[in-house]
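Engineer: What follows is each chain in one-letter form.
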Amino acid sequence: MAETRYSKEHEWIRLDGEVATVGISDYAQSQLGDIVFVEVPEKGRKLTKGGEAAVVESVKAASEVYAPVSGEVTEGNAALTANPALVNSAAQGDGWFFRMKVANKAELAELMDEAAYQAYIKGLG
Amino acid sequence: MRYLPHTEADRRAMLQAIGAASVDELYRDVPASARRKDPVDLPPHQGELAVERELMALASQNRPAGSMASFVGAGAYRHHVPASVDHLIQRGEFLTSYTPYQPEVAQGTLQMLFEFQTQVALISGMEVANASMYDGATSAAEAVLMANRVTRRKKALLSGGLHPHYRETVETYGRWGGFDIKSAAPDPAGTEDLAALIDGETSCVVVQNPSVFGQIRDLSALAAAAQKAGALLVVVVTEVVSLGLLKPPGAMGCDIFVGEGQSIGNALNFGGPYVGLFATREKYVRQMPGRLAGETVDVDGRRGWVLTLSTREQHIRREKATSNICTNAGLCALSFCIHLSLLGEDGFTQLAQLNHARAAQLAEKLGTIKGVTVLNDSFFNEFTLKLPKPAGPVVDRLVDKGVLAGVPGSRLWPDRPELADHLIVAATETNTDADMDLYARALAEVL
Amino acid sequence: MDKSQGRISRPDAGPTAEIVTASGHRGLQIEELLIFEQGVPGRSGVDLPEPPKVKDRLNGMRRQGGIGLPGLSEPQVMRHFTRLSQKNYAIDSGLYPLGSCTMKHNPRLNEKMARLPGLADIHPLQPVKTVQGALALMHQLAHWLKTLTGMPAVALTPGAGAHGEFCGMIAIRAALDARGQQARRRVLVPESAHGTNPATAASLGFEVDSIPADARGRVDVAAFKAKLGPDVAALMLTNPNTCGLFEPDIVEIAQALHDAGGYFYCDGANFNAIAGRVRPADLGIDAMHINLHKTFSTPHGGGGPGSGPVVFSEALAPYVPLPYVVHGKDGFRLVETRESGAEPFGRLKTFHGQMGMFVRALTYMLSHGSDGIRQASEDAVLNANYLLARLKDVMTPAFEGPCMHECLFDDRFLKDSGVSTLDFAKALIDEGFHPMTMYFPLVVHGALLVEPTESETKAALDEFVASLRSLAARAKAGEAAAFHAAPRLTPRRRLDETRAARQPVLRWKPSGTSRQAAE
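Residue numbers (our numbering), protein chains in the order written: chain A, 27 to 151; chain B, 29 to 475; chain C, 1072 to 1590.
To be clear, the hints were calculated from the coordinates, so they are not data collected in a lab.
Hints are supplied without guarantee of correctness; some may be wrong.
As the list claims (entries may be wrong) - Simulated restraints on C-beta separations:
1) C:R1150 <-> A:T100: 57 to 67 Å
2) B:K414 <-> C:Q1253: 42 to 52 Å
3) C:Q1253 <-> B:T460: 54 to 64 Å
4) B:D328 <-> A:E78: 39 to 49 Å
To be verified - With a Cα cut of at most 30 Å, we get these calculated DSSO-like pairs of lysine-lysine:
5) C:K1124 <-> A:K34
6) A:K72 <-> B:K311
7) B:K417 <-> C:K1126
8) B:K414 <-> C:K1124
9) B:K417 <-> C:K1200
10) C:K1298 <-> A:K75
We put the CB at the ideal spot given by N, CA and C, even for glycine.
Construct the complete structure from the given sequences, taking the supplied hints into account.
Structural biologist: As structure tokens, then:
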């Protein structure tokens, strides 16, 4: 099982071979409340670390989702278009946002591991 | 002062409760240099009668369109509005309520907006409409902004048949908002080939139908050409009554429909307030500016309405909003909604037929005057005349004969001397046979 | 993730037992179908003459097939919209303390004047010699606005407040361009600003830089000064600010900004607190929009139309939108194209502005006069401070000291009660009042912004205070469940906004995605 790493902006990323899957954390979905719309990047889009990659909307909040690392999108999760509630029910599973080919694996090391992230969100109160 | 309820005793009692010696204490944060002891140099308050006299004196210096034989159009049209429309919009529950942010106590406004959105979608042949914009020209500018977002391009192509005020408004948004605009030359004959001007950078093609000169065109081929190049087709309609008779934009491949809704339910009002219409395809709904009423259910499962998809809007998204628009044209949208409800399918269609027939009769009459040419091969209720002399002075002279003859080219295109002898003439159901005879006679006299 | 704040209405309380009627109506609360569910083909609410037979000039572009509009008679339409109106709360029905929106009384004389045929039935493109009275009216309105603000110029055309911001910020860009300072692209906006401010600045290519508030709810002057630099184009500041407080350092702020080469845009949404007492010109402001639908009482109409004229300082006066009115020896003229001596930046809307709103606003001004306008501002401030004084022991004011025309509370008084700001506001609906503005400004936790306006009597304020005190006591007493179920006495109870946004139904369709009411 590949390791899940987290950004301070609450994105998670899991590398499996050359391709990583990205989504928002379970904590993030619980903070946003009922997700009503997700816009995922199209295949081929080049992302830079920290740049805007996707949009997630709850009823009265819209948030950008940033690329946790640089790379190229290989697939957006089409299931979210029809069923954005997947982000609420399975943020770190079927509710993933997109998959990407990672440009520089070293960037992953700059992200938090599970324990560090749990400590981080605890600190947010 | 009749609008201010407090007596001096009330004010004293309230100040005492506050613990302030005077109201000046409440303004203590105002810097000393900006405090004013005395009222500003303007007249004191007056009773209703005195104010009414003053306003009536101003009103009497105008010549209302209804007091003359009026044929002025070009973006605003004089139609008959049923008495019940004005009565209903003056109900305090509509007139003096705010944007329906608390849906439990604003179901009336919300249901009306849902009906309005449906009406706009139906007459334009589009899938989804918003709850209104400021007016037609701002709707057109917002349509271009939306097309830029959808296509991620920044160049709009404007037809030469577009009302010049719409063009200028879009140009203001473009010049200061950072997108490019290519405007085709004024096109009275309706022969421009816009498709040839579309390139890989074009975000949208904006075309008015009927054009400002009155020409009617089938836009299907232009829509296909735009979409083939990855651009959107924006169709502008300044006379919405035409949609009762003409093939709607939605049936010609239009991506964004914008319109001026003034003709239905709203007086001329010297240019405003009017009501901007805005409709598009369902797939673009999240890129659409403005407010939207949507259907849902309440906690007891009963059908109700709320403002929805508000995450697109400025109060949530702030600098990332689709538009900075906040206030829309709620009450004018209500007038539109009520008038169109009264008209219904049959009334709306018949009103359109009547307008067309009146214009056709007028074109016939004026076209036989020596030296006058009707330029249009087609029109709805408005057409363009070419006169043997500049139209501006002709229009001025006709005023003295009791005729508002139309809009001279020099008014809309002051920098285009070649259009100075053009006169844009509109006829509606409000024009009588006597009006038209008077016009024909007077025009023949002054030429 | 970058999260913006907002609160949803979430129907998580169970249904209440209620009296069941066969019709679904409940006394004066009458269920009303959509017009599309009532119409019958062949029916109409108008009688039009038979169109004369003419040769069709439509170029073969006649509509094919029906439109789908419903047919209703006039009495049906009257009843439909009357019933809809009865589902709305309005200023005419009661206290409407919606902070920052200024729901004051809308005098009906204004409506009557706006309907005089000499003002309503004139076409914007009639020859100017036939509309001298209309141009004179615009000129007179401009004079009042300039005198009240002390500013030398005003642009009347903007269609609403946000449109006015757009106008004012374009003028600033045009002035910077004329100075050759295109590099100034940063606009400072306080965190507490209306959402329209950053949206406007961003739409004009400015970079928005947020400035923090201090513990007093005012601009942190030190933090503001630290942000000044050669790339700063402007400051956008609301004054009185969105916390209902006057910025005491505003003159110093303006001075520092001007010294740094920036322009001062003031959001004039709260001008109603100071009109007749303070002139924006004396505060160092370069541009400010005035919401005629707030300060000068043109009706809100369920969300518009508004009107947002912008006053300008000498520095910005050349950079105004087209068209504008000038007075010369041959009477009034409407300048619609660029003329020498001015640098107009272009047209903002189809015609010359919201004339119908101009008439109403001028009527309001002539009625109030300079003394009445000043008194209205003072009474608005008095009323807000009275509410603050009567409520501060049971609700928690966000900041110390007196307020301007609106008072701001945070949700500390609801702490541990299980009642949120939203619940509290919804309970107020059952008390017969419109809620205050909630969750704005964003700088205050669980904000409740209360603006009573000058139109309310002391008795009405006392009644409102009694309700708020009772609700605060009930929240403290642990009646959270009752708050969660509120409102109970309205035509509809809390609505499912999640459902509305997840599966948007934005129009009626004959196929019946829209459900019949009162099933």
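Engineer: Could you work out which of the previously given hints the structure breaks and list their numbers from low to high?
Structural biologist: 5
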